[in-house]
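*Asks:* Chain residues, written in single-letter form:
Number of protein chains: 2
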Amino acid sequence: MLTNRHIVVLGGDARQIQVIEKLISLDARISLVGFDQLDRNFNGAAKVAMDELHPEEIDSLILPVSGTDDQGQIETTFSNGTIRLTRDWVEKTPEHCVIYSGIATAFLNQLTKETKRQVIRLFERDDVSIYNSIPTVEGTLMVVIQNTDITIHRARIIVLGLGRTGMSLARAFHALGAQVKVGDREPEHIARATEMGVAAFHLKELEKEVQDNEICINTIPALVLTSRVLSRMPSDSLIVDVASKPGGTDFRYAKKRGIKALLVPGLPGLVAPKTAGRIIANVIAELLQDKLKGEESE
Amino acid sequence: MLTNRHIVVLGGDARQIQVIEKLISLDARISLVGFDQLDRNFNGAAKVAMDELHPEEIDSLILPVSGTDDQGQIETTFSNGTIRLTRDWVEKTPEHCVIYSGIATAFLNQLTKETKRQVIRLFERDDVSIYNSIPTVEGTLMVVIQNTDITIHRARIIVLGLGRTGMSLARAFHALGAQVKVGDREPEHIARATEMGVAAFHLKELEKEVQDNEICINTIPALVLTSRVLSRMPSDSLIVDVASKPGGTDFRYAKKRGIKALLVPGLPGLVAPKTAGRIIANVIAELLQDKLKGEESE
Chain A
114 MLTNRHIVVL GGDARQIQVI EKLISLDARI SLVGFDQLDR NFNGAAKVAM DELHPEEIDS
174 LILPVSGTDD QGQIETTFSN GTIRLTRDWV EKTPEHCVIY SGIATAFLNQ LTKETKRQVI
234 RLFERDDVSI YNSIPTVEGT LMVVIQNTDI TIHRARIIVL GLGRTGMSLA RAFHALGAQV
294 KVGDREPEHI ARATEMGVAA FHLKELEKEV QDNEICINTI PALVLTSRVL SRMPSDSLIV
354 DVASKPGGTD FRYAKKRGIK ALLVPGLPGL VAPKTAGRII ANVIAELLQD KLKGEESE
Chain B
114 MLTNRHIVVL GGDARQIQVI EKLISLDARI SLVGFDQLDR NFNGAAKVAM DELHPEEIDS
174 LILPVSGTDD QGQIETTFSN GTIRLTRDWV EKTPEHCVIY SGIATAFLNQ LTKETKRQVI
234 RLFERDDVSI YNSIPTVEGT LMVVIQNTDI TIHRARIIVL GLGRTGMSLA RAFHALGAQV
294 KVGDREPEHI ARATEMGVAA FHLKELEKEV QDNEICINTI PALVLTSRVL SRMPSDSLIV
354 DVASKPGGTD FRYAKKRGIK ALLVPGLPGL VAPKTAGRII ANVIAELLQD KLKGEESE
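In order, the protein sequences belong to chains A and B.
Going by the working numbering, the first sequence opens with residue 114, and the numbers climb by one from there.
Going by the working numbering, the second sequence opens with residue 114, and the numbers climb by one from there.
These aren't lab readings, by the way, just hints derived from the structure by calculation.
Note that the Cβ used here is the ideal one computed from N, Cα and C, for glycine as well.
One should not assume that every hint holds.
What the hints assert, rightly or not - Beyond 12 Å from chain A on every Cβ pair, some chain B residues (computed):
#1 Gln150
#2 Glu170
#3 Gln186
#4 Gln223
To be verified - Coverage of chain B stretches by chain A, computed from C-beta distances (three or more under 8 Å per stretch; other residues unrestricted):
#5 257–266
#6 286–292
#7 382–395
Hey, can you work out the whole structure from these sequences and the hints?
*Replies:* Written as structure tokens, this is what we have:
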């Protein structure tokens, strides 16, 4: 339980609703900033404006998945107002105040250095990344089904990268009857793909392997689908790039060659906001409770 | 090969392009009616108007999946003109002329009786139905992903009917990690579901089984999701009815209760016209060649 802990949720999208509900169930004291247009009220969470908060009374700050922009501004779906985090404001919070963000941003990195407040980047955790791969897979299925005139079943599909997301993608497309081929650099990933019953190749063979490709799904956050590789790929291929921005595809060249290439980061919040929200809610709840237990036993 | 056979393709959608290509590869003599606006020409297939045809020279007639309407009119995507089949016209074809249609229609049934020409209903064949279940599954995945805010993974999903399509649906959703429960009347289907590792129940238990449902997919072409059943289903459930029109859901009552219920027959042509066309092309090619062999050996 989080009784008497004051947690402030600053902005975000539909996913934060799951976080708020979870924190209410744990009896925290909750303030919501940037939810004034949300057509719903919560028993146990107060909608307030940023300047109504007393930073010295805040135990935890929860930011959206996107964190902040370079000026500290925070995205919020449920308000027309702007929310901005500043160094001065954060310095007024107690030293034990922890900031939870989905991803790291330059502003947050700088803030940590200057204010010594801990910033936890939830999406850098392996567990969050693996749980999040589930809605990412389903979003990718949707995008592929919408953008091809063939079935996934029996299609020749290349998955680039057998990391936390690539593993889930390879498994799902394989289960649906696709002819999956995984490209990776790590011998253990190539071994794992083989164990799973899908074909595997080393990325240095990519130029050769794309020659009869129908659908290519990239998870690697580095330029792997170069113009050289794309020049060998059939022009009626579909590329779905789920790596974080700017993706791993030379989109300019893909367009020139007539290959449909889609950069689709952030699928979880798009196709399954409730499940994606629960993933974040569960890990935040666990971290907050662990922290409280740690403080109590000190 | 179908050398010197004169085959007429009457109307249809993008799926017929696969049929035309397949028949060309088998060296048939092909006339296309209702393709005047198709932005493409075929080497070995002539676009003609209905009144340019000599019915006495036709060996086979290929209709679209939908067959004809009650007046003998034929749907065509690639023409603004209308195509109509009449008894008089069909009677002028040689007695061995076979008519291939996706489904049976009242008009075609009457035509068979009156003209003694054989009408083959491709979609009544088990093999076609099973092959077609593959794009149906992928279309259903798309519809479910688009219309829910949760993932398929771990969702409570009921599949009604473990027939040719239900089997494919149950397998795919199970493979993606859903909690699948199959409802059917046949003991052997309940046994098969159990063998596949999914839960199963007899349809007479449906009222009880829907109480914690999240997603219900119906394949049974009879009213199974009655108002009585729907009154027990959570109102935030999603129903996807893939049974042929009018489906198996009391849509009026579902709407009244606030349950989102979608009737989505014909998914294969929508989500994977190329694969769906190949399925039809392959079975037509096989049937035509078998018929020719049969005639030659007589």
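*Asks:* All hints are to be evaluated individually against the structure, with a verdict given for each.
*Replies:* Tested hints:
Residue placement check: glutamine 150 of chain B keeps its beta carbon more than 12 Å from all beta carbons of chain A (closest about 19 Å). Chain A leaves glutamate 170 of chain B outside its interface by the beta-carbon criterion, the shortest separation being 34 Å against a cut-off of 12 Å. No beta-carbon of chain A is positioned within 12 Å of the beta-carbon of glutamine 186 of chain B; the least distance is around 27 Å. With a least beta-carbon separation of about 35 Å from chain A, glutamine 223 of chain B lies farther than 12 Å from that chain, consistent with its non-interface assignment.
Only residues whose beta carbon comes within less than 8 Å of a beta carbon in chain A count, and the stretch 257–266 of chain B has 8; three or more means the coverage holds. Coverage of the stretch 286–292 of chain B by chain A holds. Counting CB-CB distances below 8 Å, 3 residues qualify, and the rule asks for three or more. Residue count for the stretch 382–395 of chain B with a Cβ under 8 Å from a Cβ of chain A: 5. That meets the three needed, and the coverage hint holds.
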